[in-house]
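Construct all of the structure, not just a fragment, from the sequences and the given hints.
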Amino acid sequence: MQTKNYTTDLIPLIKALCGVEFSTIELPRIKAMVNRRAKRAYRASNYWTRFLKIAEERTVTTNVIPYTQGGLDSIDTYLRIQRQDPYQTASVQEFDFMVTASGAKLVAGNLAPTSAWVTYKKQFSDTYGDGTGGSTATIPDEWFEYLAHGTYADFLRAEGQQEKSALADQEADLILQDELMKLDEMHTQQIVANRIYTNANMQVRNS
Numbered sequence: 006m007q008t009k010n011y012t013t014d015l016i017p018l019i020k021a022l023c024g025v026e027f028s029t030i031e032l033p034r035i036k037a038m039v040n041r042r043a044k045r046a047y048r049a050s051n052y053w054t055r056f057l058k059i060a061e062e063r064t065v066t067t068n069v070i071p072y073t074q075g076g077l078d079s080i081d082t083y084l085r086i087q088r089q090d091p092y093q094t095a096s097v098q099e100f101d102f103m104v105t106a107s108g109a110k111l112v113a114g115n116l117a118p119t120s121a122w123v124t125y126k127k128q129f130s131d132t133y134g135d136g137t138g139g140s141t142a143t144i145p146d147e148w149f150e151y152l153a154h155g156t157y158a159d160f161l162r163a164e165g166q167q168e169k170s171a172l173a174d175q176e177a178d179l180i181l182q183d184e185l186m187k188l189d190e191m192h193t194q195q196i197v198a199n200r201i202y203t204n205a206n207m208q209v210r211n212s
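Heads up: the sequence shown begins at 6 in this note's numbering, then just goes up one per residue.
Everything labelled a hint here was simulated from the structure, so no lab data went into it.
BS3-like, lysine-lysine: derived pairs with alpha carbons at most 30 Å apart:
1) Lys20 x Lys169
2) Lys110 x Lys44
3) Lys169 x Lys36
4) Lys20 x Lys187
5) Lys9 x Lys58
6) Lys127 x Lys187
7) Lys20 x Lys44
8) Lys20 x Lys9
9) Lys20 x Lys36
10) Lys187 x Lys58
11) Lys169 x Lys187
12) Lys127 x Lys36
13) Lys58 x Lys44
Rendered as structure tokens:
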């Protein structure tokens with residue numbers, strides 16, 4: 006998937022928007038703003054293509070699929086869980102599940118499966134930066150404009166320019182919405198989306 010570079014692409018654009026040359030002391034603050042916006046973008050959808058894993062076989066232990074499994078990405082959000090590979094087998098059984106602190110608890114009756122195929126959103130653990138201190142300079146292309154304009158809005162707010170910040174925030178949100186519309190046009194959500202059960206809504210369901 007396409008990417009941009011934090012140092013050579015993102016920071017110059019943010020500088021151009023802000024109309025300033027950041028000092029060495031200011032750069033960590035800008036980095037924090039960028040990463041705050043990245044987390045917001047990540048949370049805006051469960052269906053970002055680079056974070057979406059479709060029908061990956063996972064181990065089931067006492068009807069629980071943990072968030073982590075050796076050699077595989079860690080799970081942030083469980084979307085669908087099926088008994089067989091849904092793209093290899095017709096009429097695949099789908100499990101209802103509850104999300105707990107341990108992982109996804111299957112409503113499996115007497116089946117006691119030892120594996121299941123999970124569609125999920127993987128965890129986002131990157132910190133964007135210049136590549137030092139454990140950061141990565143690789144920025145998702147689909148977030149690039151939003152990170153720049155969102156950071157610009159946050160910079161203006163920090164400088165006390167509230168009105169300009171509000172306008173810049175609106176621009177950033179429109180950019181993010183455009184990217185979310187692209188996801189919608191791919192129809193991924195309509196195919197993948199499924200209800201996720203939690204302890205709270207299962208209690209309502211069973212009351």
